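Chemist: Residue numbers (this note's numbering), protein chains in the order written: chain A, 1 to 251; chain B, 1 to 463; chain C, 1 to 188.
Just so you know, the hints here were simulated from the structure itself, not pulled from any lab data. Any given hint could be a false lead.
Stated by the list, open to error - These stretches of chain A come out as covered by chain B in the derived footprint (C-beta under 8 Å, 3 or more residues): (1) 50-56; (2) 100-110; (3) 179-188.
These numbers were taken from a predicted model, which means no experiment stands behind them. Where is the CB? At the ideal position from N, CA and C, for every residue including glycine.
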Amino acid sequence: MNLKNLHIGLFIPCYIDQFYPQVGIATLELLQKLGLDVHYPLEQTCCGQPLANSGSEKEAIPVYKNFVENFSRFDYVVSPSGSCVYHVREHYNILEQTDEVERVRKNTFELCEFIVDILKTDDLKIEYPHKVGIHQSCHGLRGLKLGTPSELVTERSSKVHRLLKKAKGIEIIGLDREDECCGFGGTFSVFEPDVSVKMGKDRLEDHLRNGVEIITATDMSCLMHLEGIARRQKHNLKAVHIAEILNSNRL
Amino acid sequence: MTGHAHKAGQFLKNGERASWHDETLWIVRQKRDKMARAVPEWESLREQASQIKQHTLSELDNYLIQFEQQAVKNGVQVHWAANAGGFNEIVSGIIKENNARKVVKSKSMLTEECGLNPFLEKQGVEVTDTDLGERIIQFRDEPPSHIVMPAIHLKKEEISELFHEKLHTEKGNSDPAYLTAAARLHLRQKFLEAEVAITGVNFAVAETGAVVVCTNEGNADMGVHAAPVQIHCVGIEKIIPRMEDLGVFTRLLARSATGQPVTAYTSHYLAPKPGGQMHIVIVDNGRSQHLGKEDYRNALKCIRCGACMNTCPVYRKSGGHSYGSVIPGPIGSILAPHTNSKKYKDLPFASSLCGSCSNVCPVKIDIHDQLYRWRQDLSEKKIVSPGKRATMKVAGKVLSGSRMYDLSGKMARWGIKNLPRMFIYNRLNVWGKGRELPEIPKESFKQWYKKTHQGKGGKNGQE
Amino acid sequence: MDRNKILQTIRKNKAQAAPLPKTFSTPEEEPKKLLDRFKEILQQVGGECFDVKGAENLNLFVEEHFPGAKDFRKKETWEKYPPGCGKEELSQLGAVILEAQFGVAENGAVWMDESNFPNRLVPFIAEKLVVCLDSEQICGNMHTAYSRLGNRTNGFGVFVSGPSKTADIEQNLVLGAHGAKEYFVVLF
Chain A
1 MNLKNLHIGL FIPCYIDQFY PQVGIATLEL LQKLGLDVHY PLEQTCCGQP LANSGSEKEA
61 IPVYKNFVEN FSRFDYVVSP SGSCVYHVRE HYNILEQTDE VERVRKNTFE LCEFIVDILK
121 TDDLKIEYPH KVGIHQSCHG LRGLKLGTPS ELVTERSSKV HRLLKKAKGI EIIGLDREDE
181 CCGFGGTFSV FEPDVSVKMG KDRLEDHLRN GVEIITATDM SCLMHLEGIA RRQKHNLKAV
241 HIAEILNSNR L
Chain B
1 MTGHAHKAGQ FLKNGERASW HDETLWIVRQ KRDKMARAVP EWESLREQAS QIKQHTLSEL
61 DNYLIQFEQQ AVKNGVQVHW AANAGGFNEI VSGIIKENNA RKVVKSKSML TEECGLNPFL
121 EKQGVEVTDT DLGERIIQFR DEPPSHIVMP AIHLKKEEIS ELFHEKLHTE KGNSDPAYLT
181 AAARLHLRQK FLEAEVAITG VNFAVAETGA VVVCTNEGNA DMGVHAAPVQ IHCVGIEKII
241 PRMEDLGVFT RLLARSATGQ PVTAYTSHYL APKPGGQMHI VIVDNGRSQH LGKEDYRNAL
301 KCIRCGACMN TCPVYRKSGG HSYGSVIPGP IGSILAPHTN SKKYKDLPFA SSLCGSCSNV
361 CPVKIDIHDQ LYRWRQDLSE KKIVSPGKRA TMKVAGKVLS GSRMYDLSGK MARWGIKNLP
421 RMFIYNRLNV WGKGRELPEI PKESFKQWYK KTHQGKGGKN GQE
Chain C
1 MDRNKILQTI RKNKAQAAPL PKTFSTPEEE PKKLLDRFKE ILQQVGGECF DVKGAENLNL
61 FVEEHFPGAK DFRKKETWEK YPPGCGKEEL SQLGAVILEA QFGVAENGAV WMDESNFPNR
121 LVPFIAEKLV VCLDSEQICG NMHTAYSRLG NRTNGFGVFV SGPSKTADIE QNLVLGAHGA
181 KEYFVVLF
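Just chain A, same shape as in the assembly (with noise of 0.2 Å):
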């Protein structure tokens, strides 16, 4: 496959747009060392997951419209969001399944499975001296099986850990529960305040129990949350994108 041939779209969740623009930034950076020619479509929103996470499926059918609009012409979109992603391949199953819908459930990819199932690498040349705790997002691992969740008798396999594996000098920090949820959930954190931050703080404590330094993750809304309640306790834990640390690189 030549890849420079390649038409990609770069699709900016929401919540990174507006708060967390550095990993848009990574993400987009990274994806053009690689060699890739890149667009970013300016009349993208949202995937629409918060609308229907929340049970509005309905209402969320315009900003699916707008995004399929903005994106089925790429050869493949890329995301920074495993949650987004997920969505848009599972989710969109109730648009009318035109030649555009189903180009974009097809082709969207989370930005590490892309690059490891498309490009086809995981050595991206990095350095990262530092004690990374991966948190594994839900909807990467179990929606977009991006590794092998705890929970079932497969081999195993992460493509996250493959590519953070690569990073010289990194030391990737095991955790008591590998793979459990940070409670975020969307609209989950809003409707269900107490259990959602029961549940980020018990997730934090894994990882500052194992000595991590570094938390990171497929989706900055997890991270948000984590983050949030990291600040609110005072923790010095850092939060830092998976394409920040993948951007992070020599190539």
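Following the hints, put chains B and C in place on chain A, whose structure we already have.
Modeler: For chains B and C alone, coordinates are given in the frame of chain A:
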């Protein structure tokens, strides 16, 4: 705040206890993992179980008839109950016919669902739950908080206190072995006195008319074999076609439930004991209606192992009673709204949709997908709160075009950055209850992109 | 009639036909491995295992190790506890010896049915349960166990795996909830 969220908040007020509850159930989940991994064919076993159930649900009427025929041939009296009321009448009728006053019962979520105990007690029948956990909560007059470990929400000190009051055990002695021994003595007497024994059913085999009951304590057998009359209560979805299918389900059940290779006793009741009576009551109570809902039909495959509860972080951190339904946890949250969608409208939202429940389910019920679907259905039927719906309508408008979206984003960022803290962190901001908001960047990604990529991007991506 | 109402609703609502999957089976391991696994798992589930290696050693072993136990392999014991015998009498049983038909390696269970005891309460009401099992009669898993049983059923049969147990108080394992407090398998 909705029912579950509120009750969960209450549960979480005692953080230490909530952590203990979480950890205790997590250990059960880990035991399950260890047991599952010891079976290399685990995933195909789950698939097999799921397909057997799928098939059975597509032939349920025929299998029920076959089951009935076989059971009758074995000398069993078979009864049918369309609903909870009918079920309670049938059981109480059998008890009356036998002039019985004393009944022992082993675990049955079905009798819990139908409210059998209070019904019988009103008629002067003494019903003793004989599973230790069930006996504990019966003494406390509260519902089970878990379908396999009914008293998992209690600390041993509380049970010690309870047994001191009810069974006159030593005050302050909370040694589980001591307390169990006291319960054994107490219940042994109940077993010997009982005139009727009631059990739930794990599996009912169409081919032979067998009902299979799995326990660790042996309480079902102590009851059934000691009492002259035995009554087995079975939901219509508990049917499986063949004896050989038991091989599949008994391998999955205990491993999923408690992380044991099998329960201590897997009992197959086919015919009454010499001189005894054996009754089987087949109960519908809404299941045949549920069967007609294609999107939700799979939930009828459930074998009540409780694995979805043990793995669910929301269940572990909010406790079974926060659900307020007979069956709590993920499976309860997709079953309960079928019985009363208004009363249980918040349960499908009591999940972060992490999907772990679907992965541990031994019969591969798509639990988290059904939770998602329930959210849509409840919202469509206008059962969720109007406030929530209105918010979503506005959000839909904002997010469906970039102009409104960009503007709202700008306003929100400006607000968080510039408003005094008290305007942001107050009781209206549920996010801020235990979390800080993100630090606000000076510009959005889009603003940065426009600035740095002048003329690039846009609707048609022309450069 | 409830029966017809239920069946009619099911007929209206049932899923479209889905085939019954083929019998699930796994390759059977060699007998030596099965025997070792059976012993290992039996211990894990709280049972104790003896291997007297040969039917000729069985009776002596059992008499020596379980003196006073009621041996239901003997006709006279069998006749003393007929189906209708008093519960009080049964509750005085103490230790009992039964013969099981076969064992299951993957979970340490043994199969017994009404041909192994005269009264269904016997295996449960005994304080101490001793089960004699031919070490050649051990199958690998529950699939082979049920194919062995086929449809050969009598009124009651049970897989027993270890002593009666509960963990209902704070998940602390306690042996001897209602049934046998102690459980032994004597392989011969």
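Chemist: Compare the structure with each hint and give your call.
Modeler: Now the hints, each set against the structure:
no.: 1; hint: 50-56; result: holds (count 7)
no.: 2; hint: 100-110; result: violated (count 0)
no.: 3; hint: 179-188; result: holds (count 7)
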